[in-house]
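K.L.:
The primary structure of each chain is shown beneath.
Protein chains: 4
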Amino acid sequence: MAKKVNRKIRMGMVGGGRGAFIGSVHRMAANLDGQIELVAGCFSADPKKSKLSGQDLLLDSSRVYSSYEEMAKTEAALPEGERIDFVTIVTRNNTHVAIASAFLQAGIHVVCEKPLAFTLAEARQLKRIADKSGLVFALTHNYTGYPMVKEARHLIQKGKIGDIIKVVAEYPQGYALADLEGPKENVGAINNWRMDPHVSGASNAMGDIGTHAAQLAYYMTGIKIKELSAELSTFIPGRPLDDDGNCLIRFENGAVGIIYASQVSSGEENNLNIRIYGTKGSMEWHQEYPNDLILKHHEKPRQVLRRGNDYLTNAAKDFTRLPFGHPEAFIEAFANIYLEVARAIRDRLEGKKPKAYDFPTVDDGVYGNAFIETVVKSSGSKQKWTKFPSV
Amino acid sequence: MAKKVNRKIRMGMVGGGRGAFIGSVHRMAANLDGQIELVAGCFSADPKKSKLSGQDLLLDSSRVYSSYEEMAKTEAALPEGERIDFVTIVTRNNTHVAIASAFLQAGIHVVCEKPLAFTLAEARQLKRIADKSGLVFALTHNYTGYPMVKEARHLIQKGKIGDIIKVVAEYPQGYALADLEGPKENVGAINNWRMDPHVSGASNAMGDIGTHAAQLAYYMTGIKIKELSAELSTFIPGRPLDDDGNCLIRFENGAVGIIYASQVSSGEENNLNIRIYGTKGSMEWHQEYPNDLILKHHEKPRQVLRRGNDYLTNAAKDFTRLPFGHPEAFIEAFANIYLEVARAIRDRLEGKKPKAYDFPTVDDGVYGNAFIETVVKSSGSKQKWTKFPSV
Amino acid sequence: MAKKVNRKIRMGMVGGGRGAFIGSVHRMAANLDGQIELVAGCFSADPKKSKLSGQDLLLDSSRVYSSYEEMAKTEAALPEGERIDFVTIVTRNNTHVAIASAFLQAGIHVVCEKPLAFTLAEARQLKRIADKSGLVFALTHNYTGYPMVKEARHLIQKGKIGDIIKVVAEYPQGYALADLEGPKENVGAINNWRMDPHVSGASNAMGDIGTHAAQLAYYMTGIKIKELSAELSTFIPGRPLDDDGNCLIRFENGAVGIIYASQVSSGEENNLNIRIYGTKGSMEWHQEYPNDLILKHHEKPRQVLRRGNDYLTNAAKDFTRLPFGHPEAFIEAFANIYLEVARAIRDRLEGKKPKAYDFPTVDDGVYGNAFIETVVKSSGSKQKWTKFPSV
Amino acid sequence: MAKKVNRKIRMGMVGGGRGAFIGSVHRMAANLDGQIELVAGCFSADPKKSKLSGQDLLLDSSRVYSSYEEMAKTEAALPEGERIDFVTIVTRNNTHVAIASAFLQAGIHVVCEKPLAFTLAEARQLKRIADKSGLVFALTHNYTGYPMVKEARHLIQKGKIGDIIKVVAEYPQGYALADLEGPKENVGAINNWRMDPHVSGASNAMGDIGTHAAQLAYYMTGIKIKELSAELSTFIPGRPLDDDGNCLIRFENGAVGIIYASQVSSGEENNLNIRIYGTKGSMEWHQEYPNDLILKHHEKPRQVLRRGNDYLTNAAKDFTRLPFGHPEAFIEAFANIYLEVARAIRDRLEGKKPKAYDFPTVDDGVYGNAFIETVVKSSGSKQKWTKFPSV
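Protein chains in written order, with our numbering: chain W, 1351 to 1741; chain Y, 1351 to 1741; chain L, 1351 to 1741; chain Z, 1351 to 1741.
Think of the hints as simulated: they come from the structure by calculation, not from any bench.
You may find that some hints are simply not true.
If several chains are the same, the list does not tell them apart, and a pair holds so long as it fits within one copy or across any two.
In silico DSS-like links for lysine-lysine, alpha-carbon gap of 25 angstroms or less [said to hold, decoys possible]:
| # | residue 1 | residue 2 |
| --- | --- | --- |
| 1 | 1705 | 1358 |
| 2 | 1705 | 1401 |
| 3 | 1508 | 1650 |
| 4 | 1482 | 1576 |
| 5 | 1732 | 1353 |
| 6 | 1727 | 1702 |
| 7 | 1727 | 1630 |
| 8 | 1737 | 1667 |
| 9 | 1354 | 1650 |
| 10 | 1667 | 1353 |
| 11 | 1576 | 1508 |
| 12 | 1477 | 1398 |
| 13 | 1354 | 1737 |
| 14 | 1650 | 1702 |
| 15 | 1737 | 1727 |
| 16 | 1354 | 1630 |
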């Protein structure tokens, strides 16, 4: 019979030390719902950096490790409820397979950053290990986590836009152009591991972000690629790997398509977007405005479906934390208040002199009540203007 | 000398039990950065509901209270580092003052939902208590937490748009119209405490959301209202309070303005938006698309400033968790993967049969590596089409 | 029995000489459909300027007049089919009544710019004359001419959004701020007749553009204003009339609303927009993007209705020249080619040396055919790349 | 010495009879500026239809021809100033060369619809004739006529976005899908001459609209295609020509790109759009919103340049009829009033009973003056509400 587990799920992390962007995103995502707690980690191949990162994260120092091998072994030996339930791997591409294998073999579930592996052969090898282990293995193709992406997938499955005949998935970024603007000696320098074939693998732009576009197309339509025609280009002089790639696609069901990715599209941020055309309608979704799903049908008004509404299906609703009209940034805006409050309280606990903090206070509350009362008073008055009380 | 406090800040909560929307937002916001942990609460005036909510939140049952008075007293008696550092109050409008006062008097910092108080007189009384206590008191006028709102405020302070001459702040919602669509007996029923003058106070629409518009105008410009001319209306038959309100405003510096709020604007979600006009330029910000700040100048191209870019000032950067191009929903999309992973792991820990979970797996990783390798192969080939391996 | 009139309708114009913006718009509008021809005019109170303007317009000099009185008298004496059928009046506000009266009394139909008259008393007087004459009298409240405005009106009449409860109509412009940027001696100068109370009337901003917002609200809803509360402001120092105005509105049917207009809203162009809220839905229309009509209903996906589609009613279709997806600017883009072609031909007729003209030529046609053939050739080829022929 | 030609340029038309969409667009475009008048035509290969179309257009019946050969010969024999100065050819693709050659050989300037010719060989032959004639030859690649396209081209020439490295030009339409929705016998029927290889040429979708995308890319960048890799597809069963096409492009300067066109992209109208990426910045333009040109630079705020502003260059200004903030549809909205006025006047001239016409009248003018006066009165009053006079 099933027992009830009344505790948070325990997470460990490999990689994601000080200054690592994606590690911090993983931790915030894991924190959000109060279901998971970070209890252990090996945050860097440099033991000292790993320790400091563990301190930043307020971890017990005995659970901060110097190597992932040590971590896998030590954690596996702890009793259930104390040891980590799963590990999150946020290291560079060429290390995923070894690390993931070590934890799987220690009986620990795995969440792994993409791309899964350095090569297809390695990926297949890891798949065999994962399948054999029977453990949970999640790959953070995070764009599939957006509620409106899930809604789109569900509507497509239900036939809302008929048979798919064309897919256009684009992922232009512009950040790599920064290298053309700085000192000349930087041009062509491999100042980002994604450009280094020994770390990144056979492709830079298509491997890093083209795979997101490809995976999104697959997730939303359920249709795999049959064959493709690709061109990879390198526009930043001296770089060994592509910074731009364009593909014509033939899908298994006869649909055609385009997938492209670029890191040299000036001024683009993360403009991942996808348009899926079917025989009965089409859909359009833009990652930078993820709460809108645009639905088009021949000779009908365009529809904009928005996250949080009752008219959506459970595909979206099951992954929705906020009602309509409040973008997810609403939580972060709230969190900004909490962060300042935590800082203010910590300053006091530490005996520091209070500073100017950026959160609304009781004074704003008095202003608000003054507003309400003045509005009500004015609404009942025949005079045009009602004075606002001094607050 | 300042000591270092190497632990999370401890939060308690009053209100926010099962089914309460805003309580859950506060908890997610507090969880996000891993700086705060929820350790105690009185989640409902109904002790049973409070206990069940505490279980949902995986709290130690000894820290789940039946009344806020008990909670304030018991927590205050615990040693520092164990007791809550602050309390978050997410109860109904008419209870804020009593609860906040109790915790302040017990020496506990306070985060309180808005509006601060039931009346202006009460608000002033609470201000006296808060000021005297010297404790942290934050009011969650959350819209001021958006990075681009902070950027706008900073740019205005620096004179970017000159002297402010006009402000238009709007907050239309449409949800209350649902009452016109259901069974007739529901029309006019007070099915939401915001419509009940004994709970909500003197105003419904203007009190609940008009205050957000007013506060946003004040936060961004730093200019207070001098006098106003208002009309409150009630369009849903039988309701005692306003569901729509419109105001002409005169600000203290001579600027004019409009503030309006509505709950009967059909199809509007939370369309809070503000336009601020100065002698040298103007700004426009829409809450539903919070990462864009539109800057206009006479006879210059319009500019769209976007969260996360280096060209922004620290006013925004200090409250930014993600680089440009990833809306904050990016974290929630990640969190959706973690939520499913936690569910999958919990199911296994509880001995349940695995289900179909909605997260990418090792198979998606193999597909991704296949994509990369096929793209690279095709790019080096003179043949138009390169087969995709079976995966 | 009705005879068939197989000729263009003949137009005269009063005002609209060299450099006048709105006169030129009227002429282009009258030209567009090939149903109307301009044959006479008194283009300026200055006879010399009137003659020169007539030459620019390629008119017979005998039909270019020195005064509107002479024009009305002379034209009325010509036989039908030769004389003007109607006159268009595009002079300043304070002259409309006298000129319109003169033509009406001469039995000539009238198209008149708004505002109709200098004062309400004058307007009523002109109404009596017009009504008595039985002649066609059109006032160019041009925003009512947009197809999607007509569609909105029709849908509202049919009950699509239920009973109207709120209307927000805004018309911010920013052009007047230019006066704050130039030499100091210009500030406060009446460098535009709209600011001169002797020419413009009792109001500047509200008279010039606020009336457009008011009229649009009336046209679309069919509901008149019952009472209003207004504030007019002047932000450009030294000006006698308002450059900004804000009104709270009560409509005859019990709806409430806001109408505002401004010429000092920095960076705004002609941002006329209207939102109409009913008990069953709402509509939103923006003049700067006039082909989109946004339709919202509580808890349904937002719809975007676009000009030119079959799903629209005849209210829009009867006034639509282009199919969907081509904004009206499509005609002007075509006209730009014709304008250059006419210039090229005129240069040759006049014996001038040909210049570089900006229109596509036979070379572009060869390029186009080369593109088609190369695409077809490549599509049938197994080679990845197909050379483009040299053209 | 140059003589002055004080008359309109005279246009003839071949094709464009009753019901033809593009012929009517050409006439409106030629009418717009009052520089060109239509005086002759052969509107259909069917002489009867040609005559009736000539009547619709209020032409002298002696100038309405039964064949283009007759038209070219007869017109060429008329004296200058009476004969047509140029002919516009709006017939089907396979007839352009013969018709254009006939008029060129008769010494008459030519405006011709695209594609220029049925094949590349024919196109080259026509080019030789046109070049030899020394006459004006314009091809209506109309999208190059948009002011913001001209601005973009000019800014690119000036180096605003550096060296071009990537171009993405897309033209999805969805109209052909209508054939999948009707009776089965229609599927695959060639119900549109564009699908007939004997009329349309070697390609349908790429020939009809893909060429627009290709030409736009060429016009804006000045860079030709070096080689391409294409796939043409047919999704509507039974059709002989493509309804979808996708190309990878290599440009002569080393830039890469994508050009695609589709008639089976459900719900798309004429979504022609182009993104041009350079080493220093990028540009984005959407035909359905043609007055906005989006300019992006790495790590700078996005800019939206809008037609009609002083900050634009003469490249755009020379082809701009309206100031900022009024989209070109403004003219058509005006023209809708004139069209109704012409109808009202024609009805009276023909002795018909007046109907309800859709244009504002003197009553609207009275309402407008009432609005102005009430606003001014209210603004000066201390009372909140001022009654609106009965009008």
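K.L.:
Now, for every hint given, state plainly whether the structure supports it.
P.N.:
Tested hints:
{"no.": "1", "hint": "1705 - 1358", "verdict": "between (35 angstroms within a copy, 20 angstroms between copies)"}
{"no.": "2", "hint": "1705 - 1401", "verdict": "neither (30 angstroms within a copy, 38 angstroms between copies)"}
{"no.": "3", "hint": "1508 - 1650", "verdict": "both (19 angstroms within a copy, 19 angstroms between copies)"}
{"no.": "4", "hint": "1482 - 1576", "verdict": "neither (28 angstroms within a copy, 51 angstroms between copies)"}
{"no.": "5", "hint": "1732 - 1353", "verdict": "neither (68 angstroms within a copy, 60 angstroms between copies)"}
{"no.": "6", "hint": "1727 - 1702", "verdict": "neither (44 angstroms within a copy, 59 angstroms between copies)"}
{"no.": "7", "hint": "1727 - 1630", "verdict": "neither (56 angstroms within a copy, 31 angstroms between copies)"}
{"no.": "8", "hint": "1737 - 1667", "verdict": "neither (46 angstroms within a copy, 38 angstroms between copies)"}
{"no.": "9", "hint": "1354 - 1650", "verdict": "neither (50 angstroms within a copy, 40 angstroms between copies)"}
{"no.": "10", "hint": "1667 - 1353", "verdict": "neither (28 angstroms within a copy, 46 angstroms between copies)"}
{"no.": "11", "hint": "1576 - 1508", "verdict": "within (23 angstroms within a copy, 44 angstroms between copies)"}
{"no.": "12", "hint": "1477 - 1398", "verdict": "neither (33 angstroms within a copy, 48 angstroms between copies)"}
{"no.": "13", "hint": "1354 - 1737", "verdict": "neither (60 angstroms within a copy, 49 angstroms between copies)"}
{"no.": "14", "hint": "1650 - 1702", "verdict": "neither (63 angstroms within a copy, 38 angstroms between copies)"}
{"no.": "15", "hint": "1737 - 1727", "verdict": "both (10 angstroms within a copy, 22 angstroms between copies)"}
{"no.": "16", "hint": "1354 - 1630", "verdict": "neither (47 angstroms within a copy, 47 angstroms between copies)"}
Of the numbered hints stated above, those contradicted by the structure are hints 2, 4, 5, 6, 7, 8, 9, 10, 12, 13, 14 and 16, listed in ascending order.
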